[in-house]
Amino acid sequence: MPLPDQPHAPHLLGIEPLPLSRIEAILDRAAQFQRQPPPRTLAGKRLLLLFYEASTRTRTSFEVAARRLGAETVSVTPGSSSIEKGESLLDTVYTLRAMAIDGIVVRHSSSGAPHLVAAHVDVPVINAGDGMHEHPTQALLDAFTIRRHRGTIAGLRVAIIGDVLHSRVARSNLLLLSRLGAEVRLCGPRTLLPPEFAAYGDHVRLSWDLEDALNGADVVMVLRIQMERMKESFFPSEAEYVARYSVTPARMRAARPDAIVMHPGPMIRGVEISAEVADSPQSVIREQVENGVLIRMAVLHELLVCHEPHP
Amino acid sequence: MNLILKNGRLFDPQLSLDRVGDVVLQDDRVRGLGPDIAASGPGVIDCTGLIIAPGFIDLHVHLREPGFEYKETIETGTRAAAAGGFTAVCAMPNTQPVTDNAGATEHIARRARELGHARVYPIGAITEGSRGERLAAIGGMCQAGAVGFSDDGRPVMNAQILRRALEYASMYGVPVIEHAEDLNLSAGGSMHAGARSLQLGLRGISSASEAAMVARDILLAEESGAHIHIAHLSTAASARLVRAAKARGVRVTAEVTPHHLILCDEDVVDYDTNFKMNPPLRGAADREAVIAALADGTIDAIATDHAPHAGHEKQQEFDRAPFGIIGLETALPLVLRLVESGRVSLARIVDALSSSPARIFNLRGGRLEAGALADLTVFDPSREWIYDPARGLSKSRNSPFAGWRLRGAAVHTIVGGRVVWSATARPPES
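Residue numbers (the numbering used here), protein chains in the order written: chain Y, 1 to 311; chain X, 1 to 430.
Keep in mind that a hint or two might mislead.
[Claimed, not checked] Partial selection, computed: residues in chain X whose CB lies under 8 angstroms from chain Y:
#: 1; residue: 128
#: 2; residue: 132
#: 3; residue: 194
#: 4; residue: 198
#: 5; residue: 200
#: 6; residue: 201
#: 7; residue: 202
#: 8; residue: 271
None of these hints come from the bench; they were simulated from the model.
Source: prediction; values computed, not measured.
Glycine included, every Cβ here is placed at the ideal spot set by N, Cα and C.
Given the sequences, and given the hints that come with them, work out the whole structure.
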């Protein structure tokens, strides 16, 4: 069995180990599926959706993507399974492995959980979000969306705003967009934006000031802010967060006039983003959801068809 | 029963002893050292090319018995210790139930004596059940053989309780050992807080969570005049604090683990839980600082924090897996790397493994001279071998050093004049 994270391993565990050639292949495949209806290349295959963390959007997106390619899906979610009864992740995986599945999509609140699964199965594993680590299909769909609007990502200024510390979306986008040549500006309160993020590379800028981050930005990516962070004293109150970091029409004037606005969802209008901005012509938030299905089809196709397991 | 160790390099840094010669053991004592004692036959061990040092003493070991015998037992742990060259280990009290009374302390000491591998010096809990609330029976445990007190793994967050423990333990001349960690600062963390933890999306344990407690403990030791021992010191800031405190005469001592001397947070890859321990592998600069602190004597002793866990416990999500790695059988070759790289002298390494721990915890042994206790470690500093935890004597295999090519190994471990382990006892390479 190939080791996880090796270039030829049939897994998608994160953006970090993904070679540029595979990134391009996935983005190109999604564009192809957009132009013409996809063939049922996964007919007869069975995909396991192992979701240890509640998710509507991502799980549905994978389900729709799999079915459009002709695959069958089996969902295991908290409350529906032995997860609740305290069975270990590996024991659950060993049990499900015996049920003739062709691939596993894992969402888990622990960083690295998909890596643990990948090290113990011989089918492709796709990370659908692990803890605070990565959410590679989200970053790929974001890159796909940006590319559709801008043609290219190289040279763009992308502001990622909010709870960067706890965000797997931010990490995967930071890795992917900077690799594709964008300047990535991370912005949030200091408590949610540790200076060590600068270690990600020369293309990364950190700012605690929203106007500074938005200045001349081509892409404005707003992250969800969870109110639990307030209870943990990362910031004093919702009002203070809104006052300093909410993306409003007035603040958007610092960005380029043709800047696009993105949000991975779920979105709380009036907190991290104002309703006017979320619903403005600049917003591509709904399109992100559509592109999510295309990207997930492309990923499934690349992993389950183009990388047929070796005999 | 007499034993003669022939033609070894007699090495006791504390006594400035470093010459080739023989050692005669009689019963449990060293009878004498000589330059060429004529002898042959049974009871003579050829030590040509080997170093004969005072027996190694590990101040920080989790033997897991009673309560967690599936991880380790006093028997497997003391056999692993002997195989690693340790003639004695201090057993941490976080057993089930917690070793917080005289009976439990006496039981551990007696069981180890019956087995007769490495000696075991029990460490008692500071507080009842290590809950940090009320002092445990420190006096009774001292009489039953406890040589120090610790709530290891559960730092005493209440400074007043720690002060009282320091004052009370000082009447018995024993140290209070602190697992220095501010639990508010470290809450939820599973590795060192830094660029690597951000990248892996793992909550961090900051250096300050250790150093803040070290600073507090030094102040309490200074005020009380009592002896505080800092367990598994891992950060540059802690080393600075201890160095400054020693310079003004505070009774503070410290130990460092081989893994904190050899690895750093950048070695945490692929969510391998064999790299998860507490304190965590620190930044590269911290590692450099603790090496320097070991070299200059700020850190007194090398201790393994041998912490066995079963395979199914470690094969979990990184943030759910328990902290800790085994270390008894790899300690010597790992720290000898620092000699090879010229960072720490052989004399300091041997002192930190033997004489120094004996001195700071007031234990028997730790000397190679006529009349001394015949606890000796005979080791080959250049023997090469590949570490396979599956072939080790510990019951557990949770080591980040699996597959490492190591240099240096204990050849004979002698406790009370009796050879309790020889390298020839190791099963042949498969």
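Hint status (Cβ of residue 132 of chain X to nearest Cβ of chain Y, threshold 8 angstroms): violated (23 angstroms)
Is the interface hint for residue 271 of chain X satisfied, with its Cβ closer than 8 angstroms to some Cβ of chain Y? Holds - the Cβ of residue 271 of chain X comes within 8 angstroms of chain Y, reaching about 3 angstroms at its closest.
Let me know if the C-beta of residue 200 of chain X comes in closer than 8 angstroms to any C-beta of chain Y, holds or violated. holds (6 angstroms)
Does residue 202 of chain X hold up as a contact with chain Y if the rule is Cβ-Cβ below 8 angstroms? holds (5 angstroms)
Interface restraint verdict for residue 128 of chain X against chain Y (beta-carbon cut-off 8 angstroms): Violated: closest Cβ of chain Y sits about 30 angstroms from residue 128 of chain X, beyond 8 angstroms.
Was the hint right that residue 198 of chain X lines chain Y, CB cutoff 8 angstroms? With a closest approach of 5 angstroms, the residue 198 of chain X hint holds.
When the least beta-carbon distance from residue 194 of chain X to chain Y is tested against 8 angstroms, hint result: Holds. Min distance 6 angstroms.
Regarding the hint that residue 201 of chain X lies at the interface with chain Y, is the smallest CB-CB distance below 8 angstroms? holds (3 angstroms)
Going down the numbered hints, you'll see the structure goes against 1, 2, while the others check out.
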